[in-house]
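There are 2 protein chains.
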Amino acid sequence: MRPPLRNDRLLRALLREPVDMTPVWLMRQAGRYLPEYRAVRERAGSFLALCTTPELACEVTLQPVRRFPLDAAILFSDILTIPDAMGLGLEFDDQGPHFREPLRSVESIRRLAVPDPEQALRYVLDTVRLVRRELDGRIPLIGFSGSPWTLATYMVEGSGSRDYRLIKGLCFAEPLAARHLLDILAQSVTAYLNAQIAAGAQAVMLFDTWGGILTERGYHEYSLDPMRSVLAGLTRSAEGRKVPVIVFTKGGSAWLEAQADLGSDAISLDWTVSLATARARIGDRVALQGNLDPAFLTAPTDRMCTEIKALLADYGTGSGHVFNLGHGVTPDVDPEQVAILVDTVHHLSAPYHR
Amino acid sequence: MRPPLRNDRLLRALLREPVDMTPVWLMRQAGRYLPEYRAVRERAGSFLALCTTPELACEVTLQPVRRFPLDAAILFSDILTIPDAMGLGLEFDDQGPHFREPLRSVESIRRLAVPDPEQALRYVLDTVRLVRRELDGRIPLIGFSGSPWTLATYMVEGSGSRDYRLIKGLCFAEPLAARHLLDILAQSVTAYLNAQIAAGAQAVMLFDTWGGILTERGYHEYSLDPMRSVLAGLTRSAEGRKVPVIVFTKGGSAWLEAQADLGSDAISLDWTVSLATARARIGDRVALQGNLDPAFLTAPTDRMCTEIKALLADYGTGSGHVFNLGHGVTPDVDPEQVAILVDTVHHLSAPYHR
Numbered sequence: 001m002r003p004p005l006r007n008d009r010l011l012r013a014l015l016r017e018p019v020d021m022t023p024v025w026l027m028r029q030a031g032r033y034l035p036e037y038r039a040v041r042e043r044a045g046s047f048l049a050l051c052t053t054p055e056l057a058c059e060v061t062l063q064p065v066r067r068f069p070l071d072a073a074i075l076f077s078d079i080l081t082i083p084d085a086m087g088l089g090l091e092f093d094d095q096g097p098h099f100r101e102p103l104r105s106v107e108s109i110r111r112l113a114v115p116d117p118e119q120a121l122r123y124v125l126d127t128v129r130l131v132r133r134e135l136d137g138r139i140p141l142i143g144f145s146g147s148p149w150t151l152a153t154y155m156v157e158g159s160g161s162r163d164y165r166l167i168k169g170l171c172f173a174e175p176l177a178a179r180h181l182l183d184i185l186a187q188s189v190t191a192y193l194n195a196q197i198a199a200g201a202q203a204v205m206l207f208d209t210w211g212g213i214l215t216e217r218g219y220h221e222y223s224l225d226p227m228r229s230v231l232a233g234l235t236r237s238a239e240g241r242k243v244p245v246i247v248f249t250k251g252g253s254a255w256l257e258a259q260a261d262l263g264s265d266a267i268s269l270d271w272t273v274s275l276a277t278a279r280a281r282i283g284d285r286v287a288l289q290g291n292l293d294p295a296f297l298t299a300p301t302d303r304m305c306t307e308i309k310a311l312l313a314d315y316g317t318g319s320g321h322v323f324n325l326g327h328g329v330t331p332d333v334d335p336e337q338v339a340i341l342v343d344t345v346h347h348l349s350a351p352y353h354r
Numbered sequence: 355m356r357p358p359l360r361n362d363r364l365l366r367a368l369l370r371e372p373v374d375m376t377p378v379w380l381m382r383q384a385g386r387y388l389p390e391y392r393a394v395r396e397r398a399g400s401f402l403a404l405c406t407t408p409e410l411a412c413e414v415t416l417q418p419v420r421r422f423p424l425d426a427a428i429l430f431s432d433i434l435t436i437p438d439a440m441g442l443g444l445e446f447d448d449q450g451p452h453f454r455e456p457l458r459s460v461e462s463i464r465r466l467a468v469p470d471p472e473q474a475l476r477y478v479l480d481t482v483r484l485v486r487r488e489l490d491g492r493i494p495l496i497g498f499s500g501s502p503w504t505l506a507t508y509m510v511e512g513s514g515s516r517d518y519r520l521i522k523g524l525c526f527a528e529p530l531a532a533r534h535l536l537d538i539l540a541q542s543v544t545a546y547l548n549a550q551i552a553a554g555a556q557a558v559m560l561f562d563t564w565g566g567i568l569t570e571r572g573y574h575e576y577s578l579d580p581m582r583s584v585l586a587g588l589t590r591s592a593e594g595r596k597v598p599v600i601v602f603t604k605g606g607s608a609w610l611e612a613q614a615d616l617g618s619d620a621i622s623l624d625w626t627v628s629l630a631t632a633r634a635r636i637g638d639r640v641a642l643q644g645n646l647d648p649a650f651l652t653a654p655t656d657r658m659c660t661e662i663k664a665l666l667a668d669y670g671t672g673s674g675h676v677f678n679l680g681h682g683v684t685p686d687v688d689p690e691q692v693a694i695l696v697d698t699v700h701h702l703s704a705p706y707h708r
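Protein chains in written order, with our numbering: chain H, 1 to 354; chain W, 355 to 708.
Worth double-checking, as some hints may not be accurate.
Claimed, not checked - DMTMM-like, lysine to aspartate or glutamate: derived pairs with alpha carbons at most 20 Å apart: (1) W:K604 - H:D270; (2) H:K309 - W:E575; (3) W:K663 - H:E221; (4) H:K250 - H:D270; (5) H:K309 - H:E336; (6) W:K604 - H:D163; (7) H:K242 - H:D136; (8) H:K242 - H:D225; (9) W:K596 - W:E371; (10) W:K604 - W:D615; (11) H:K250 - W:D624; (12) H:K250 - W:D517.
Derived from the structure by calculation, the hints contain no laboratory data. Since we're looking at a predicted model, the values are computed, not measured.
Please model the entire structure based on the sequences and the hints provided.
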């Protein structure tokens with residue numbers, strides 16, 4: 001038996017249930033801006049070793065929630081674990097992630113199989129189990145995966161890209177192979193997230209990092225459709241509670257209405273759309289997560305706090321808002337600014353929930 | 355006396371007047387995908403020499419309109435000519451443009467002055483005059499400038515950037531200096547575009563390449579407001595005709611309504627929003643330019659043509675559409691695909707104008 005969850009603000013806000021103050025967590029809250037993270041990363045020897053060693057991944061997951069009164073922990077992992085489990089050979093260098101064996105033929109796509117999470121991704125699930133034990137019911141743990149489109153993009157490009165010519169070329173020239181790739185990935189993501197939920201993740205998030213490179217038609221076909229199939233297959237409750245699902249398409253602020261109709265509990269926003277505009281466009285169909293520009297974390301403190309205040313006012317009264325950034329914390333951020341951000345959100349948001 | 359304009363489809367469509375078929379031109383239609391461009395670029399010795407030598411800039415402006423039945427020529431130049439004229443020292447290397455003397459202090463911003471276009475930017479105006487003479491009334495010539503925000507971003511960052519930390523930092527920490535910089539640039543852009551119009555540009559376009567990195571609030575303050583002041587100061591007719599103005603914010607598809615209220619005749623769209631959605635959102639307040647994903651130019655020809663057909667259907671009947679890409683032609687494009695694109699747009703669009 002697991003201990004009861006003492007701070008359930010995040011889960012309640014994601015389901016638009018009343019809260020006493022707006023919950024807050026930050027994308028990449030476990031990261032290089034923390035000296036204790038850099039120490040563990042150094043000890044691990046490589047980023048990949050850090051991700052694949054449950055004790056170390058657990059440790060860095062917990063670091064920010066020890067320092068700051070955050071309302072959630074997020075699993076420390078990489079979005080490219082699934083392609084690695086499929087045999088593409090994930091590596092990291094100064095330019096970021098890349099694959100030793102990117103998908104460069106229709107045959108290589110046809111050969112792909114859905115990995116069994118408890119086999120090839122067991123290190124992730126062990127991390128989830130460890131973190132849950134260590135958190136001991138203090139705050140919930142968020143699991144996550146890259147979206148099928150985002151994984152496909154990395155798998156075909158082999159790394160980050162400037163113009164995404166290879167993945168788009170595949171979609172244009174080999175539409176059946178592209179569809180097969182996205183189907184296999186949708187099944188893999190579903191199994192992976194369900195395994196994280198079974199291991200103890202109390203909410204899950206789909207990172208659609210590259211949805212924003214598509215046309216509107218392409219977004220529906222290649223990004224939204226596979227995500228809809230993932231959502232249809234997800235375990236939506238565990239341990240007697242609902243497991244909320246968050247979807248985040250970076251660069252997708254033109255398509256909020258379509259995202260709100262996807263079947264998730266919440267959508268996460270980058271900073272290009274204000275919470276006021278987003279709420280006006282989609283009403284209260286889903287909860288909203290976001291969306292401070294991470295650049296404000298390096299602004300003068302009073303300027304950051306002015307923006308936080310404006311952002312809370314943008315959302316206005318009622319539950320359904322999870323405070324976050326529009327993208328991850330950058331390495332140059334002073335941890336003291338993060339401490340101030342978390343306190344400011346809690347302090348200034350309480351009146352909106354009376 | 356200049357010869358009368360024989361093909362005025364572009365000007366008419368930008369003003370939402372009836373046309374026989376949808377006009378088409380392409381961002382970066384004069385560029386590296388053309389072997390004759392690469393030959394002249396080679397002869398010039400450097401990209402900057404090509405821009406600053408009116409005979410050569412005129413030649414490459416005309417190259418695509420000799421090859422293809424495009425409905426407009428666009429001045430061959432760089433968006434960073436104004437900062438160069440202000441003394442920042444524009445240079446180009448493999449990474450793209452950068453400045454020898456980026457703005458790194460409030461003092462350097464305070465020292466900036468509005469350049470006299472007929473002095474420091476005479477080479478651009480001479481190019482405009484040459485091109486007009488050579489075009490001899492066949493099709494109109496479009497002039498252009500970077501937007502104040504885009505110029506400010508490059509001037510402060512010194513080059514392209516990953517997170518735009520320096521320009522955002524200036525806006526956060528030194529709001530008065532940022533405002534001064536944008537004011538000076540708005541005046542400079544206004545004078546520059548008016549000089550291009552006086553020299554013969556028959557339509558002008560503002561490239562707000564970096565508007566999309568801002569928050570919604572920031573976009574209004576730093577990008578839209580200075581563009582509104584440019585628009586208020588522009589000469590809107592010349593040679594007895596209106597001079598239409600096009601505004602293009604790359605990454606700005608969440609903010610179409612605000613762009614449509616700016617006072618321009620047309621807005622240009624990147625490919626993340628369909629023409630159907632854009633028209634539904636803003637009605638017929640302004641003409642729409644765009645918005646094929648340039649990646650389709652490297653797709654199988656029939657796939658490209660399917661997308662062109664869908665895009666024309668997205669816009670539907672009536673004038674007010676200028677066919678273009680959502681961004682520039684890339685160097686890997688086969689010129690034959692461009693020829694097919696132009697013919698396909700003309701051929702398939704005629705029924706929408708009956």
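Each hint tested on the structure:
no.: 1; hint: W:K604 - H:D270; verdict: 16 Å, holds
no.: 2; hint: H:K309 - W:E575; verdict: 18 Å, holds
no.: 3; hint: W:K663 - H:E221; verdict: 18 Å, holds
no.: 4; hint: H:K250 - H:D270; verdict: 6 Å, holds
no.: 5; hint: H:K309 - H:E336; verdict: 18 Å, holds
no.: 6; hint: W:K604 - H:D163; verdict: 14 Å, holds
no.: 7; hint: H:K242 - H:D136; verdict: 19 Å, holds
no.: 8; hint: H:K242 - H:D225; verdict: 23 Å, violated
no.: 9; hint: W:K596 - W:E371; verdict: 12 Å, holds
no.: 10; hint: W:K604 - W:D615; verdict: 17 Å, holds
no.: 11; hint: H:K250 - W:D624; verdict: 16 Å, holds
no.: 12; hint: H:K250 - W:D517; verdict: 14 Å, holds
In summary, the structure is inconsistent with hint 8 from the numbered list given earlier, while agreeing with all the others.
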